[in-house]
Structures are given as structure tokens and as C-alpha cells.
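Peer 1: These are the residues of each chain, in order.
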Amino acid sequence: MTLTQSSIIPSKRLSAVHTDETEAAPPEQSKEWPFLHAPDALTQSSATVTKAGLRREVRIFLTNPNAIIGLVFLVTVIAVALAAPYLFPGDPLEMVARPFLWPGQNPAYPLGTDSMGRDVLAGIVHGARISLTVGIAATLIGLTIGVLVGAIAGYFGGVVDDVLVKLIEIFQTLPSFVLLVVLVAIAQPNVLTVTSAIGIITWPMVARLTRAEFRAIREKDYVLAARSLGYGHVRIVFREILPNALPPIIVTSSVMVAGAILMEAALSFMGLGDPNRVSWGSMIGAGRDVIRTAWYLTALPGLAIVFTVISLNLISDGLNDALNPRFSEERR
Amino acid sequence: MTLLSVRNLSTHYAGGRGTVRAVDDVSLTIEPGETVALVGESGCGKSSLGKSLMRLVEPTSGQVEFKGKDVTAMPARELRSLRRSIQMIFQDPFASLNPRQTIRTILTAPLKVHGVGDSKRRREIIESIIVQVGLPADSLDRYPHEFSGGQRQRIGIARALILQPELVVCDEPVSALDLSIQAQILNLLVEMKNKLSLSYLFVSHDLSVVRYFSDRVLVMYLGKIVESAPTAELWADPKHPYTRALLAAVPDPSRRKQAAPIAGDLPSPHNPPSGCRFHTRCPLATDLCRAQAPEHRLFGPAHAVACHHTN
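Going down the list, the sequences are from chains A and B. The UniProt record's numbering numbers the first residue of the first sequence as 1 and each following residue consecutively. The UniProt record's numbering numbers the first residue of the second sequence as 1 and each following residue consecutively.
No lab work stands behind these hints, which were simulated from the structure alone. Check before you lean on any hint, since a few could be wrong.
As the list claims (entries may be wrong) - Only some residues are given here: those of chain B computed to face chain A with a beta carbon under 8 Å: (1) Met1; (2) Arg80; (3) Met88; (4) Ala95; (5) Val116; (6) Ser119; (7) Leu247; (8) His270.
Claimed, not checked - Residues of chain B clear of chain A, computed beta-carbon distances all greater than 12 Å: (9) Gly16; (10) Thr29; (11) Asp92; (12) Ala109; (13) Gly156; (14) Arg159; (15) Pro165; (16) Asp171; (17) Ala293.
All C-beta atoms in this analysis are idealised placements derived from N, C-alpha and C, irrespective of residue type, glycine included.
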């Protein structure tokens, strides 16, 4: 049906079907609007629209087998780490048996003992605490700094943006691992300093990502609407823009946890970890000297790192699919 | 008293390929209760004008006065409280609502920011306005993606009206909607205008909508207003050659022949033509038009035209 607009909208006929919209009754066919057959906003049931929102994202995530595997493994690691003091009471750095017990040789020490007679399984379980604590805490530090800097740079633009981008670039041009080693070497190596140092070298990545998201979202109409409604900057940044910028940041943060675990392991391997706490990296470092005779001392904590990092990456992929609506539609 | 008066407003965007003069030396007034339409082709600066007079885009020069107060010179804090009085309805109902907020949050936030009522009073206000714009009261706890385009535009209207503004800038509020929904939304706007004694600046490229809706029409071409007249007068007696061409381009089933289209495309706003900006496409253009920009001349009490050849 081809109709010109002038016939749809008779000029200056202002009396409207709209007045009977406030009643639930179906709209009567008004004499003045012979062309109007469209269902009205009120009578058109909005219940038919699929209820989605957060649930849809959770559903997509939970129907992704890879993400489930990652999640189950990570939850197990976290549970084991939390239960470590009950599973293996006492200091995992204590000598408990004869050195170089191979896995399976003594049922009391299923994963054997190392060159100093320490229980490898107890070490891995306690090491999970350090790895996860450092990984998660360092990511939180990096996220907080990165999101703040990126949000301010992306939202305000102009000179503020120029200065902050230069700051980000200064951090990114320095080789990050060298910077990490220097930072930890200057401070006393303990859990707190290692965590802060990893946070300090990872924030620029988050800042760049956040800045890019903010620059795109800043131009959207709903942000313009927020400005025209007289909202303050803080409200616009944290209530209007940030929730919409979060999906890629959440995805990145799960990869960041994996990266932080690896960095902590690398530092501990080099002897720059907390000397009083057992960690996966320090176990690998200690096993390095005897790798030809007792390779399991390197391989077992190494596998713990590999599986934890892989599970985090699987979770990250799953989150990416779930939180990126376009991507998940294409897959379906 | 004049509600809004804009004097010699210019908005230029500095870009990589030089300055774009989106709005160039525009003056206009809006009286209380009046609906003023701003029409023109895409890219002529209509939306930029609407946004600059609200200072959503900072104007380069010129003055905007709202009820006698100079908006352009206003400090940020004062501007924020003035926002209550000037609101905007956006073109794209899918982009203008935050997808992560429920309708209740979207409508409550403006009241909170401006300190209207306590939480009980605010709930009453949003529950009454959602019914007034023709949506069921249980829509409040839904998210924008659960609504159709027309329903979303109703939410956008509710948001614009919840602070009881005096002037509403409607930036092509129906051009993204189906025809039947357009009629509903236009009716809603008219009803709200009568109920709340609003003034509208109605930005549109759709002449039939403008004719139905507005009291006075401003025709814009390449950042300049070329003709302004009361709606009926403009349709009865268009003076500017551009206005004539625009009106002739509206489809009319009673007309046998196709209307002659306006020759050529809109010239680049980076480098607008000298003299009268329409001379590159104007059938009446002479050397005078190429050399000298025409001033606005009055033909009748409220009919101003910027053309050398009108008489």
C-alpha cells in the first residue's frame, strides 16, 4: 500500500485517538483517522516481548561447554585454596619426609616430596592461595587505576586526554616485565609489593581499553540526554557510561588474572617472590636444579599454572561471547 | 516575554579537512506556547542548531537568551539548573535510552538530580507520567530493549517532560518511526503541549509533519535560515526559491507531473559558496547572488526572506 504522508496525517486535526489510550479497552476506530489500523501502545501486549537482560547473558555463558569447564576448574582451585589450612595444616615449607619421594611412592604424600623433603601436594595447594590472591588483587588494582584514568581521559577529551594518553604511553614503552622486576627489587619482595607492582604495570592496558569505550559511548544519544537533563559528570561517568563500557573490561580482567598469576610465578621463579610463602613459581624455581632427575618437581606446579591460566582464558572467551550481543547472535 | 531568543549564533566544527560551518549567523525567536519548525535537507545544520542553543554543543559565537538570561555566558552550575527548563527529544529512540537502566531508573534520575520531592513523591510522579504518555504502569521495571520504537519514543518524551520544561527541542522525533506510529507520537506531543503549555522547536525534514504540527516555519539551508513565515503563509506563498523547491518536492497525488527536483547536491559545508549559499542550485541566480549574501527582508508582519530576487 502506497500512501503519501499527507494523507496519513490530515493537517490540523488534533483531536486524537490518543485520548482513549489511557483506558485498557481496545482503541476505537476513530472517524477522523480512517488510515490508522496500527495496534496501540497500550493494547499491544508488551508481555510478548522476550524477557532478557542479564539472564540472557548468563544463559549464553552457561550453555558454552568450554566456559563451564573453565569455571568448574577455577571454582575447584579456589575451593582448594580456601581449604588449604584444613587440608594441609602446618607450614608447607616444613620438611615432612625423606627427600625425592616420587609421586605414588608413599601414599601419605601422593605427589611426592622435593629436594628438602617438603610435601609437593601441600605446596601446590598452599601455592594456589598465593597465586590466586596475587592474581585477583593485582587485577583489582590494575582495573581500578586503569578504569579511572581511561574514563577521565575518554570522557573529558581535549588536554586532559592528551596528558593522560602520554602517561599511558610512558608506561607502555617501558618493557613491563623489566619494570616489574625493578619495582619488586626496590621494595621488599612480599605479597603486598608483588601485587602492587603487577597492578602498576597492568593498568595502562585497561586504561586504553576504557578510554576507547568511553570515547565511543560519550557520543551516544543517551549520554547527550543525560547532559541535557543536567546530570553531573560523576553521575554520567559512573551511572550512564561505565555500565555500558564494562563488558570488554570484564572480559579483559579475566585474562589479566591469568597474566598476573604468570607474572607472580615468573617473579617467584627468579627468587623475587615472598621468601616465606610457597608459590607455584617458587616451586618451579626450586625444582629447576634437579629437573633431569626429578622432573615432576617442575612439571606438577607447572601444570597447576597451565590449567589455571587455561581455565581463566576459557572463562574469558565465554564472557566475551555472552557479553557481546552481536557476537552471540551470530553464533546462534 | 520572548521565551527564547537566538542572535547571530554560529557553531563551527574544527575538523581535519578544515572548519565546518554547521550553523552560521542564525537568529530566531520562540514565543511561549509556540511551535516553531526548523526544516531543511540532511546536513544543513538543523540538529547542530538545536544542540547549540541548549549548549550541548558549544556555539562558536553569538548569543542565546532564555527568558532574558544569557545562556551562552552561563557558568556550568547555573546551566545545569537551567536544563530543567529546556529539554530535548531525540531522533533515534533506540539510541536515546540507556540500555542498562530500567525505565524507572531512567525517569527517576532527573528528579533525583534536581532534588524534586522525596522518594514517595518521585514514585508518584513517574507513575503518573508513564500513564500520561500512554504506556502501562507495569512498564517501569522493564528495560528499553523490551519496547518497540514507538513505545521507546514515548519513554523519551516522558523523560523530557518529567522536569516540566518550558521549551522542548524535538530533534526529528518521528522520522525513525513507522507512519502509523508517527501519528500517535505527534498526537501525544500535541496533547502534552496543550496540557503543559510547552513551546516546541521542532526540527524536521518532513514537510507534511511540519505542516500538521507547527505554528511557524524556519527554512534552513547550509547553516543559514533563508525564510521564516507562519505555516499557512509559507505554504500559500513561499518566497525563497529553495522553499518553493522543497514544497514542490512533497509528493502530491493530485499533481500529474513529477516535480522538478532541486538540481545538484548540497555543497560541502567545508567550503560554502560565496554570496548567497543557494546560488549554485538556484534557477534565479545572477552575478549579484554570487557576489553578495542577501539580507533578511520582511514581506508581511512575520514573513522574512533572504533572497535578492524576491519581491
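Peer 1: Next step is simple, just say for each hint if it's right about the structure.
Peer 2: Consistency of the hints with the structure:
no., hint, in the structure
1, Met1, "violated, 23 Å"
2, Arg80, "holds, 4 Å"
3, Met88, "holds, 5 Å"
4, Ala95, "holds, 4 Å"
5, Val116, "violated, 12 Å"
6, Ser119, "violated, 17 Å"
7, Leu247, "violated, 12 Å"
8, His270, "violated, 21 Å"
9, Gly16, "holds, 16 Å"
10, Thr29, "holds, 21 Å"
11, Asp92, "violated, 6 Å"
12, Ala109, "violated, 7 Å"
13, Gly156, "violated, 8 Å"
14, Arg159, "violated, 7 Å"
15, Pro165, "violated, 10 Å"
16, Asp171, "violated, 9 Å"
17, Ala293, "holds, 32 Å"
Hint compliance for this structure: hints 1, 5, 6, 7, 8, 11, 12, 13, 14, 15, 16 are not met, and every other hint is.
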